[in-house]
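J.: With the sequences and hints as input, model every part of the structure.
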Amino acid sequence: MKMPSVEIIAVGTELLLGQLVDTNTAYIAQRLAEGGINVYATGAIGDNRERIAHAVRGALTRADGAIMTGGLGPTVDDLTRDGVCDALGLDTELYAPALEQMERTFAALGRPMRANNRKQAELPRGSTPLDNPNGTAPGFIAFAGDGKFVACMPGVPREMKPMM
Numbered sequence: 010m011k012m013p014s015v016e017i018i019a020v021g022t023e024l025l026l027g028q029l030v031d032t033n034t035a036y037i038a039q040r041l042a043e044g045g046i047n048v049y050a051t052g053a054i055g056d057n058r059e060r061i062a063h064a065v066r067g068a069l070t071r072a073d074g075a076i077m078t079g080g081l082g083p084t085v086d087d088l089t090r091d092g093v094c095d096a097l098g099l100d101t102e103l104y105a106p107a108l109e110q111m112e113r114t115f116a117a118l119g120r121p122m123r124a125n126n127r128k129q130a131e132l133p134r135g136s137t138p139l140d141n142p143n144g145t146a147p148g149f150i151a152f153a154g155d156g157k158f159v160a161c162m163p164g165v166p167r168e169m170k171p172m173m
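In my numbering, the protein residues as written are 10 to 173.
Hint data in this document are derived by calculation from the structure and do not stem from the laboratory.
Keep in mind that the hints are not guaranteed to be accurate.
What the hints assert, rightly or not - List time: in silico BS3-like cross-link candidates among lysine-lysine, alpha-carbon distance up to 30 Å:
1. K128 - K170
2. K170 - K157
3. K157 - K11
4. K128 - K157
5. K11 - K170
T.: Dropping the structure here:
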């Protein structure tokens, strides 16, 4: 029987510029190896929607799935969900539990929730949400029509690790 394989893709221009060291990839690779899953390749890509989509399409031609970290936050350069949707031909839909959790978090902090935070609760249609107990951006697992998948998690290690 063929061992399942994945590619790990870290998203963030700060990684390419050497401003931040990617520790997520090593952590994920170790967890996958423990689970008997082959890591086909790893890589980093900048915050660019077209490049993210291209990386996802490429990964899914070589492996059974892709695991991505980063680019799920509220800022204009957080483009992972959009790139994944482009690659898989999906729209987004509101994941209400994530929006409600964000509203509770901001209320507990006594801060207003800005409109740009709402995009964190928009997930690829039909995806499986991954709740984030340590932050506001949920992860998700989106499915390609051929049984392959793309799992996306926040780039902040303390948010990503519980999702693994």
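J.: Which of the numbered hints above does this structure break?
T.: none
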